[in-house]
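Trainee: Each chain is listed here by its residues.
Protein chains: 2
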Amino acid sequence: MKKYQVVGIGNAMVDILATEDETFLTENNVEKGIMQLIDMTRAVELYDAIGPAKEISGGSAANTIAGIAHLGGRTAYVGKVKDDQLGAIFAHDLRAQGADYDTVFAGADAAQETGRCIVVVTPDGERSMNTYLGVTEFLSPEDILPEQMAEAEWIYLEGYRFDGPESHQAFAKAIEACKGAGGKVSITLSDPFCVSRHRDAFREMIQNDVDLLFCNRAEMLSMYETDDFEAALAVARSEVPIVACTDSENGAHILAGDARWHAPATEVQIVDATGAGDMFAGGFLWALTSGYDLERCGRMGCVAAGEIISHIGARPEADLKELFAQHGLL
Amino acid sequence: MKKYQVVGIGNAMVDILATEDETFLTENNVEKGIMQLIDMTRAVELYDAIGPAKEISGGSAANTIAGIAHLGGRTAYVGKVKDDQLGAIFAHDLRAQGADYDTVFAGADAAQETGRCIVVVTPDGERSMNTYLGVTEFLSPEDILPEQMAEAEWIYLEGYRFDGPESHQAFAKAIEACKGAGGKVSITLSDPFCVSRHRDAFREMIQNDVDLLFCNRAEMLSMYETDDFEAALAVARSEVPIVACTDSENGAHILAGDARWHAPATEVQIVDATGAGDMFAGGFLWALTSGYDLERCGRMGCVAAGEIISHIGARPEADLKELFAQHGLL
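As given, the protein sequences belong to chains L and S, one line each in that order. Mapping of the first sequence onto the working numbering: residues 3 to 332, in sequence order. Mapping of the second sequence onto the working numbering: residues 3 to 332, in sequence order.
Hint data in this document are derived by calculation from the structure and do not stem from the laboratory. Careful, some of the hints might be misleading.
Where chains are identical, the list cannot tell them apart; a pair therefore holds if satisfied intra-copy or between any two copies.
[Unchecked claim] Each computed EDC-like pair below joins lysine to aspartate or glutamate, with the alpha-carbon atoms no more than 20 Å apart: (1) Lys323 with Asp50; (2) Lys186 with Asp213; (3) Lys323 with Asp23; (4) Lys4 with Asp50; (5) Lys186 with Asp23; (6) Lys323 with Glu22; (7) Lys34 with Glu168; (8) Lys34 with Glu241; (9) Lys181 with Glu24; (10) Lys175 with Glu149; (11) Lys181 with Asp126.
Required output: the full structure, derived from the provided sequences and hints.
Mentor: Pasting the structure below:
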């Protein structure tokens with residue numbers, strides 16, 4: 003048995019969550035519902051503009067790994083923080099959840115701080131994310147430990163990480179070590195605009211290395227540059243052994259070869275959509291590496307996502323296994 | 003009209019909130035339901051022990067001032083943070099709520115960090131607080147601006163601040179400047195064990211300077227070293243013009259001279275009791291300085307406290323004025 007069911011690689015950051023109405027978005031040039039990269043000047047400006055906030059550890063793949071750890075899965079995370087207070091918060095919350103986290107912190111002399119995401123949550127529960135990457139942008143191949151990747155049944159790569167200067171090399175190193183030891187590769191497309199920034203690189207990786215593709219409808223359409231969702235799914239399933247595509251209130255579509263399943267969305271009051279896709283992947287990957295069939299993986303993913311959107315913050319608060327049991331999935 | 007309805011002086015800190023069961027408290031020597039002072043070593047040890055947490059600005063008087071600002075009151079806060087990430091979070095959340103906050107930050111070379119309180123919330127909603135004071139312990143008379151105190155209709159002094167080395171002199175300076183300009187002095191006893199650490203100093207201030215005393219039943223009993231609640235109330239009302247004593251699910255008792263009122267507690271599901279007393283004082287002081295009678299001050303205090311205990315964290319999330327209106331108080 004490998005040491006880890008899943009090892010995730012992503013942008014490490016702490017979320018700063020504030021609730022604001024729609025006019026705040028227009029007045030402050032915040033694009034609704036997507037992730038925008040911002041520099042420190044903009045981060046300071048936007049932070050000054052938002053009301054009182056809460057700080058909760060985030061980071062897309064880190065949320066997924068936290069979910070797997072919460073479920074009792076053997077899991078580890080790779081992502082860069084600085085040796086500062088936010089870095090300590092990020093590391094604590096991941097380790098306290100039961101995940102291994104051994105990435106070397108950037109020193110106190112690093113020019114950037116630990117990354118943060120200013121998440122503006124509107125009354126409809128939609129989240130508009132403004133990310134100051136900080137030191138997490140500079141994760142390098144040196145931060146990837148081949149022996150850790152070799153110990154992973156699956157690695158999980160965060161699409162957002164395509165934005166860093168050495169991120170492609172870091173991913174390549176991780177993939178080589180993982181696959182070389184018989185492991186498999188999953189990736190999330192993260193965001194439609196992230197996809198359009200790096201479409202060719204994503205496509206190449208998908209065609210050559212990816213065994214399991216996570217995305218949502220908008221990312222799928224962006225990836226294959228079409229408005230035809232079914233056409234995009236058809237290409238994706240021809241390129242990747244397993245495709246798990248979420249579709250908001252329509253649940254998720256799971257495709258593998260000629261087989262296809264649909265998992266319904268859990269009916270919940272949406273408080274904060276932050277992390278829904280992350281936790282779908284968390285539930286799915288935990289289920290997959292625990293021996294459940296693909297349909298059940300999709301259904302567990304949807305239940306896990308439903309828990310996350312019912313409260314502020316992207317880390318689980320209720321007992322996910324209990325929720326799985328309530329839905330007859332365990 | 004004075005610039006401020008209320009200026010608060012207290013220990014500035016960020017709360018680190020984690021939910022744990024009762025066995026955690028015994029296994030980690032955490033005393034239930036009270037505030038314990040801890041050093042950095044213990045803070046690190048306890049932080050390592052708790053599960054994933056959330057960070058939300060706290061500090062007893064700061065919560066009160068945030069509540070007054072939330073209600074639209076003219077208010078300011080005095081308390082010490084360091085120029086670090088937690089300090090920036092604390093300052094942001096207070097200013098973003100609409101309160102003035104001009105206390106000079108301790109520099110990056112300060113030996114201590116910004117204060118924090120590790121709050122362990124048990125399933126019954128009770129909170130057990132473990133406070134690393136950090137730089138807030140060292141608020142000195144220099145941090146008290148007499149011209150600001152002179153601009154306050156009321157100052158609000160946090161009993162926890164009796165613990166710092168120069169805190170008594172700082173309070174004396176604030177009281178002198180406030181009273182010299184015709185302002186009034188309110189104080190909260192904060193905690194029964196804080197009272198027993200500084201009973202004589204509290205008593206002297208109550209007898210000589212205090213116009214409005216906030217406390218809860220346990221603090222009142224500790225203050226007057228008796229088990230007889232009514233006897234303690236009788237002494238307190240003989241020493242202070244207004245006494246506002248909260249009594250958990252029994253609401254609050256308001257006494258002024260020969261008059262006495264009772265304000266019922268709001269019926270809510272207790273999620274996290276952190277900050278109930280702080281927000282009682284916030285609602286009460288806002289009402290008092292907005293011209294409402296003492297009975298209504300007590301009732302608004304209880305409604306404000308009810309909002310706070312219905313969610314994690316000690317800063318208001320719902321619209322308190324709307325809640326006052328729903329309760330027929332506005």
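Trainee: Check each numbered hint from earlier against the structure, then list the numbers of those it violates in ascending order.
Mentor: 1, 4, 5, 7, 8, 9 and 11
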